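S.K.: Now for the letters of each chain:
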Amino acid sequence: MLWKDITSEGVRFLEPISAEHPALSAGRDVALEQAFRTVADIDLGAGPKYGPRVMARLAQVVSARAYGRPLMELCHLVRIAERTGGRYGWTGFFFGLQVARATAFRGVLEEASRRGRGLGSGITLEDGGVTLNYEDRPFTVSYGRMPFLAALLEFLVTELGYQRVDKALAMLREAPFRLDGCGPISNTLSRAVYDRLKEHLPSAHVQRVFQRLVQHLCHRSGGSFRLEDVDDDCVLAYWMADDAVEPVPGADPMLDHPADRKLGAPDDVRTFQRAAEQVARFRTAFEAGLLRHEMDRAAPIGSDRAAGEIDADAVLDALERHEAPIDPMDRLSEPPADRVKFLNRRETEQMETLRVLGAQAVHLPVSAIRVDVFGAIQRRIVQAVRNRETPQIIARLIRCEDVPTYVERLKAWTGLEQHLERMGLAALCALVEGRRPEAILEVVERAPGFDPVRLRAIVAPAPDGERGLKTVPLRPSVLSEGAISAMIGALTREEIAGADAVEVLTCARSALRGLSRQGFAHGVRTQPETLEAMATGAPLLRHVHRDLRKLRSATGAGLGADPETVFREDRVRFARRFEAFYGAQTKVSVQ
Amino acid sequence: MTDWQVIGPQGREMVARVFEGLETSGLLRTSLGMSPTETVTETRGELSSEAARAPDRPSPSALWAFATGTESQPSPRLAAALLRDPSLHLDLAAMLAGAAIGEAPRVAAAATTIKVTERVGQGFSLRLLPSRANPAQTYVLIRLEDPEQFAARLVAMTGTGTVATLDLDAAAQDEIQMLCASEDPIIQAIANPEARIWLT
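Chains Y and X are the protein sequences, given in the same order. 148 is the number that our numbering gives to position 140 of the first sequence; each next residue is one higher, with no gaps. 27 is the number that our numbering gives to position 34 of the second sequence; each next residue is one higher, with no gaps.
So that you can see chain Y by itself, here it is in the shape it has in the complex (with noise of 0.2 Å):
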């Protein structure tokens, strides 16, 4: 593998790079990413069969090269899928759904449980999922989990073919009804999916990145450079550094405008986004070299740990660590959420820098400001370019004169921190009026002195042995609905919830005040469908309001007692820099 080639100064190629490698390697990298997109696309009739958050999850695990504990789950599920698939076994199971749900699969179990085919023994329906009661461990597949599966499934048989991947998976029906069963089989194709997919990664594109920051820090901190070193002004020199400007191989000579072949090149940094974003997936990959280092450290000499594998599913943590803040922003765009208008396109991209940093946006906070504010204009000017603008507005805009300042952006995010609370309160509400459990949940996370056991009195008192138990059953198959709608009743008495819970209410309700927001109307709110979009987005709201608030928290930090001070030398360096990049061909000049 070219990994291997790394050495302490940085990246030493097996071969080197020649103007040739990137079309090779693109080659190979399109037939993944039309593999990822033929799923993707996949519309029999009712919409994306798969929705953007089993994607994403798509990509993280394939990237990672991460497929032997998700195979396995899909061999347990295949099992199932065999006995409720009818004459068409698990291929009609996977390949019939029209939309790729939760729900749909659960429908499709259940009917095929009603209808006697039933699911056999060893097989059982319950709340989450369905059960497989092997002799030596039971193993749960849960109805989440399924279109993840399912994708997964429907990418194995794009890259490898239906009939080998069939042919594997009817070894199942021979395999031992043991958890230790499906053993073999995922195996089997674990190894088929990674010799096909070794031929795309890594691409020779992320190589050359990876080469070109490693550099980088070594030329700037030594070849000894540390997680410290890795910081704001890291990424502004790694853009500012002058090979972004100088021309990039694999560039299309044909393109008739500079701008579009800089813009177009394969590794370019141009946009100061680009280079915020890889820096950023450095810095984590960075804590992931530094954990695995520990670990080795810690394990025992002669482990399996000494020979030195990359464990593939330490890799996906990393990934999934890194990706964290934008999952709770996705989710909150796809259903159920999306019955209700959270937030709009313009709130959406305000929050663009997270998504961009991810979970280093906190330890890159000047950059994430920078981003807001100065990838933005970029943008701009690359639209502009593009759009052929007359050179009075392409130098307006290279010479930044309208954007906000950083103490405006800060303001800016404040207002929208306030929006999200406003939105989690009055979805808190909108629960409380549909007496829906999650309400008490809502308030166990925003009231610090809440204790939810002291609901259970309204209900039952507690036997004497269960005083101090910290664990409220709220599933309406635990409790009756008139019991949860008591407890719910009982957050706003004082004497039982305590005051902590009241005043949420009581900031929950005024929230809901005067709320225009699709969802949050009298009458739409206390719908069943409704009401599972506040239940969903509530937490969310909560998650992606903790996220903002420490990125603001830092930013402000991060830039010191004159915010405006490091604006107005922004300004300037940005200003130039756009010109270095924009303006020969636009004859503009900041000064």
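In case anyone wonders, no lab produced these hints; they're calculated from the structure. What you are looking at is a predicted structure, and each value in this text was computed from that prediction instead of being measured. Note that the Cβ used here is the ideal one computed from N, Cα and C, for glycine as well. Treat the hints with care, as some may be off.
If you want the footprint, here are the derived chain Y segments under chain X, 3+ residues with CB under 8 Å [unchecked claim]:
id: 1; segment: 61 to 75
id: 2; segment: 286 to 297
Here are some chain X residues the structure puts well away from chain Y; computed CB gaps all over 12 Å [unchecked claim]:
id: 3; residue: V100
id: 4; residue: T110
id: 5; residue: L121
id: 6; residue: R125
id: 7; residue: Y132
id: 8; residue: G152
id: 9; residue: D177
For chain Y, the structure is supplied; the task is to place chain X on it using the hints.
M.R.: Showing chain X alone in chain Y's frame:
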């Protein structure tokens, strides 16, 4: 303090793998428009524009929809892909075999250029009979081994991936009779000794 050198080759390998994973995941998401807009404009030069030019491959779900008759005709995209990619013939044939109530293989002497007028397959037999009244028309006569079976569609795929279909009427006296133009692609496909046939 731990640094780039101290973490050693395995630590650096881990850094490279995670970075590769993040970049690849980002590029895949970008190709679907799931990532920041700016990244799209910048990286499409290598990946997405190439992919956009590359021919489409139908998804397994789309193949299955055709195999089971949810889509009675192959879409233009599927038809074009079948002509382009022989590996898809195998996939579609395997799916059709799973979904069909009867299947007839290629004629044994497939190299022959003689047109075939009879097919005997698993679960059915088929004849092509020119119309006496109108020579420009041909009857397709299908007899099912199990009269309780119901066949809704006949699918034929030639060795080059050309697919033709025929929606079938109900059987009368244990035989399905369909009258088609002799130049109809389904007649041409049935007569092609290299074509495989399925009843679904």
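S.K.: Does each hint hold? Answer for all of them.
M.R.: How the hints compare with the structure:
1. Using a Cβ-Cβ cut-off of 8 Å, 8 residues of the segment 61 to 75 of chain Y lie near chain X, which meets the minimum of three, so the contact claim holds.
2. Remark: the segment 286 to 297 of chain Y is confirmed as covered by chain X, as 8 of its residues place a Cβ nearer than 8 Å to a Cβ of that chain, reaching the required three.
3. No beta-carbon of chain Y is positioned within 12 Å of the beta-carbon of V100(X); the least distance is around 22 Å.
4. The claim that T110(X) lies off the interface holds: its Cβ sits roughly 31 Å from the closest Cβ of chain Y, which is beyond the 12 Å cut-off.
5. Distance to chain Y confirms L121(X) as a non-interface residue, since its nearest Cβ pair spans about 30 Å, more than 12 Å.
6. At roughly 40 Å from the closest C-beta of chain Y, the C-beta of R125(X) stays outside 12 Å, upholding its exclusion from the interface.
7. Listed as a non-interface residue, Y132(X) keeps its Cβ farther than 12 Å from every Cβ of chain Y; the least gap is roughly 31 Å.
8. Listed as a non-interface residue, G152(X) keeps its Cβ farther than 12 Å from every Cβ of chain Y; the least gap is roughly 17 Å.
9. Residue-level check passed: D177(X) sits 27 Å from the nearest beta carbon of chain Y, beyond 12 Å.
Hint compliance for this structure: no hint is broken.
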